[in-house]
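Novice: Each chain is listed here by its residues.
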Amino acid sequence: MTVSGPVTHLTLAEMRELLGKRAFSAKELTQAHLEAMESQRALNAFTCETADKALAMAEAADARLAKGEARPLDGLPVAIKDLYCTEGVETTAGSNILKGFVPTYESSVTAKLWQAGAVMTGKLNMDEFAMGSANMNSAFGPVANPWQRKGDNRDLVPGGSSGGAAAAVAARMAPASLGTDTGGSIRQPASFCGIVGMKPSYGRCSRWGIVAFASSLDQAGPFTRTVRDSAIVLGVMAGFDPKDSTSVDLPVPDYEAALHKNVKGLTVGVAKEYRMPGVAGEVERLWKRGMTWLEEQGAHIREISLPHSQHALPTYYILAPAEASSNLARYDGVRFGARAAAEDLTGLYEATRGQGFGAEVKRRILIGTYVLSAGYYDAYYNKARRIRSLIARDFARAFEQVDVILTPTAPTAAFAQGEKMDDPVAMYLNDIFTVPASLAGLPAMSVPAGLTDRGLPLGLQIIGKAFDEETVFRVGHALETAAHFTHRPQRISG
Amino acid sequence: MTVDKETVRHIARLARIRIDEAEEEILAKDLGGILQWIDVLQAVDTEGVAPMTSAVATELKLREDAVDDGNAQEAVLKNAPDRMALFYSVPKVVE
Chain A
1 MTVSGPVTHL
11 TLAEMRELLG
21 KRAFSAKELT
31 QAHLEAMESQ
41 RALNAFTCET
51 ADKALAMAEA
61 ADARLAKGEA
71 RPLDGLPVAI
81 KDLYCTEGVE
91 TTAGSNILKG
101 FVPTYESSVT
111 AKLWQAGAVM
121 TGKLNMDEFA
131 MGSANMNSAF
141 GPVANPWQRK
151 GDNRDLVPGG
161 SSGGAAAAVA
171 ARMAPASLGT
181 DTGGSIRQPA
191 SFCGIVGMKP
201 SYGRCSRWGI
211 VAFASSLDQA
221 GPFTRTVRDS
231 AIVLGVMAGF
241 DPKDSTSVDL
251 PVPDYEAALH
261 KNVKGLTVGV
271 AKEYRMPGVA
281 GEVERLWKRG
291 MTWLEEQGAH
301 IREISLPHSQ
311 HALPTYYILA
321 PAEASSNLAR
331 YDGVRFGARA
341 AAEDLTGLYE
351 ATRGQGFGAE
361 VKRRILIGTY
371 VLSAGYYDAY
381 YNKARRIRSL
391 IARDFARAFE
401 QVDVILTPTA
411 PTAAFAQGEK
421 MDDPVAMYLN
431 DIFTVPASLA
441 GLPAMSVPAG
451 LTDRGLPLGL
461 QIIGKAFDEE
471 TVFRVGHALE
481 TAAHFTHRPQ
491 RISG
Chain B
1 MTVDKETVRH
11 IARLARIRID
21 EAEEEILAKD
31 LGGILQWIDV
41 LQAVDTEGVA
51 PMTSAVATEL
61 KLREDAVDDG
71 NAQEAVLKNA
81 PDRMALFYSV
91 PKVVE
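In order, the protein sequences belong to chains A and B.
Taken in order, the first sequence gives residues 1 to 494; the numbers are from our numbering.
Taken in order, the second sequence gives residues 1 to 95; the numbers are from our numbering.
Just chain A, with the same shape it has in the complex (with noise of 0.2 Å):
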């Protein structure tokens, strides 16, 4: 292949094999992208570029390539969700709490990466400590998202809370980036910019380094323009971690291998209750499309039933702020971070803690600290973990008889900055569809599928069994070929 536009349009696969050609320099694709993110710095999607560190990082794959010794991601550009730490590089979790925490240690699967000889390119914008499905609650400012709505320039939002992991490969500064998911923030926003974002297994990857807000829940995931780029990112990712007594010790196949196979003879399911009022009718259109997309190659598609998956947000909404209440108390102002001035040790924590956090983080871990606190612990967080149980049992029975589940990403496309702001409920709503999966502890991708009347991407989630990424990448590779979304957003760099 040979090189028409620009090199920040092609894919992560295509890029990789014209480094491998010597087409480019990754220097020179490095310096593409550093200019891509330059041109495009009104969408916020950046909290710090590491412009010096990656051209060092460039011309160190450049040095490999040259000798025939290249690594798996040599010389390929990947921006950072500002969850993960960096060494040596500010990492603030969106957050006032953490501005000027410089890390002494590397995330392990950001060391994974840059192991493997990825250029790391900056640091990403997003909800503080990743809660929220708007990108509306970061300490640097809301992301925009590079689609608009036809004939209305209002700026959109990307999702969240991997908002600038989304925006920034969307917007083509990137052909990758990291985010991370705890009840959709990696499918919310793939499906909100029209691209692909993965969700692996819990445990599949390393959550050691990664700034922690739901424990349980948390898994690291990459953002790619196409289902093989994704596999390809994961690939890297994916692995046992000593350091991360929750990583599973199983090997790790090889994803994109799994794209040679096709989709005849698995069964897909269909859950009946995600019929539900409240979705938007072009979203309910566009799942029935890839379930006859789905046919058309040969995959069964069958209804399931999982019952109390209606339980699963307001289930989510006391466990996660449970967890968050107990992993953010150790922002007290002592050992990192910002500190308030105070006259004794209570009113250091108090008034730290009152200064640094935004109102969607005192929010979340006063609504977790109510329901652990003594008297409401059985009544809240332990029925809430039973019900968690009764979530994970649904899809289990329901992978007795099938290969995957197809379900809508999003209840709607993208709305405008500022929508929902009024009702904590109303955003929650968001995640609606991902975040079973999550408490199921199962992978699950976002395909971009379609556009909605007004001109906006959406996309379709594929939910796998524990540990069976391949299928989802290979059902998400069908669902990508025969939808066909060449579709581009109108803030675009080159």
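Hints may be right or wrong, so weigh each one.
Simulated crosslink set (PhoX-like; lysine-lysine; CA at most 20 Å straight-line) [unchecked claim]:
#	chain 1	residue 1	chain 2	residue 2
1	A	K27	A	K67
2	B	K78	A	K99
3	A	K420	B	K29
4	B	K5	B	K29
5	A	K53	A	K150
6	B	K61	A	K243
Covered stretches of chain B (in silico footprint by chain A; criterion: 3 or more residues with CB under 8 Å from a CB of chain A, positions within the stretch not fixed) [what the hints assert, rightly or not]:
#	segment
7	27-38
8	45-56
9	60-71
10	74-82
Estimated spans, in silico, between C-beta atoms of each pair [claimed, not checked]:
#	chain 1	residue 1	chain 2	residue 2	range
11	B	V56	A	E87	27 to 37 Å
12	B	K78	A	H484	47 to 57 Å
13	B	K78	A	P307	47 to 57 Å
14	B	S89	A	H260	58 to 68 Å
15	A	R454	B	S89	35 to 45 Å
16	A	S326	B	E59	20 to 30 Å
17	A	Q115	B	E59	24 to 34 Å
18	B	M84	A	G20	53 to 63 Å
19	A	K243	B	M84	47 to 57 Å
20	A	K264	B	K29	30 to 40 Å
21	A	K21	B	A85	48 to 58 Å
22	A	Q115	B	Q36	47 to 57 Å
23	A	G20	B	A85	45 to 55 Å
24	A	A426	B	A85	49 to 59 Å
FYI, nobody ran anything at the bench for these hints, they're computed from the structure.
We treat Cβ as the ideally placed atom computed from N, Cα and C, and that holds for glycine.
Starting from the structure of chain A, add chain B where the hints point.
Specialist: For chain B alone, kept in the frame of chain A given last:
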């Protein structure tokens, strides 16, 4: 479900977060709305269902009880907002 300002103050104190009066008002309303929304779970039958403790059934691995790193005081203290010698500093807690 309604949450009064006294409850908000109490939880905020437990969570060690200082909030002002304007925030108390907003939080009382927000928390009330969220708690009312999650209250539907009380109607779900969970008789005989064990609480889920982990998304993946795993056994904790044993590792050798050996020092694999250490002597990292400077790295540990590097981000401290205030320190004295090799210690974090805090306001006086013992008279």
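Novice: Taking the hints in turn, state whether each one holds.
Specialist: We went through each hint and held it up to the structure:
1. K27/A to K67/A: The hint holds at about 16 Å.
2. K78/B to K99/A: Holds, at roughly 14 Å.
3. K420/A to K29/B: holds (16 Å)
4. K5/B to K29/B: Satisfied, since the Cα-Cα distance of roughly 9 Å is no more than 20 Å.
5. K53/A to K150/A: Violated, at roughly 39 Å.
6. K61/B to K243/A: Distance ~11 Å between K61/B and K243/A Cα, so the pair holds.
7. 27-38: holds (count 8)
8. 45-56: holds (count 9)
9. 60-71: This one holds; 3 residues, not fewer than the three required, reach chain A with a Cβ under 8 Å.
10. 74-82: Result for this restraint: holds, n = 7.
11. V56/B to E87/A: 27 to 37 Å: holds (29 Å)
12. K78/B to H484/A: 47 to 57 Å: Taking Cβ atoms as reference, K78/B and H484/A lie about 51 Å apart, which means the hint holds.
13. K78/B to P307/A: 47 to 57 Å: Holds - the Cβ-Cβ distance for K78/B and P307/A, about 51 Å, lies within 47 to 57 Å.
14. S89/B to H260/A: 58 to 68 Å: The hint (58 to 68 Å, Cβ to Cβ) holds, given that S89/B and H260/A are roughly 60 Å apart.
15. R454/A to S89/B: 35 to 45 Å: At 56 Å between Cβs, range violated.
16. S326/A to E59/B: 20 to 30 Å: Given range 20 to 30 Å: holds, Cβ gap about 23 Å.
17. Q115/A to E59/B: 24 to 34 Å: holds (28 Å)
18. M84/B to G20/A: 53 to 63 Å: Since the Cβ atoms of M84/B and G20/A sit about 54 Å apart, the hinted range of 53 to 63 Å holds.
19. K243/A to M84/B: 47 to 57 Å: violated (30 Å)
20. K264/A to K29/B: 30 to 40 Å: violated (54 Å)
21. K21/A to A85/B: 48 to 58 Å: Holds, since K21/A and A85/B (Cβ atoms, about 57 Å apart) stay within the stated range.
22. Q115/A to Q36/B: 47 to 57 Å: holds (49 Å)
23. G20/A to A85/B: 45 to 55 Å: holds (53 Å)
24. A426/A to A85/B: 49 to 59 Å: holds (52 Å)
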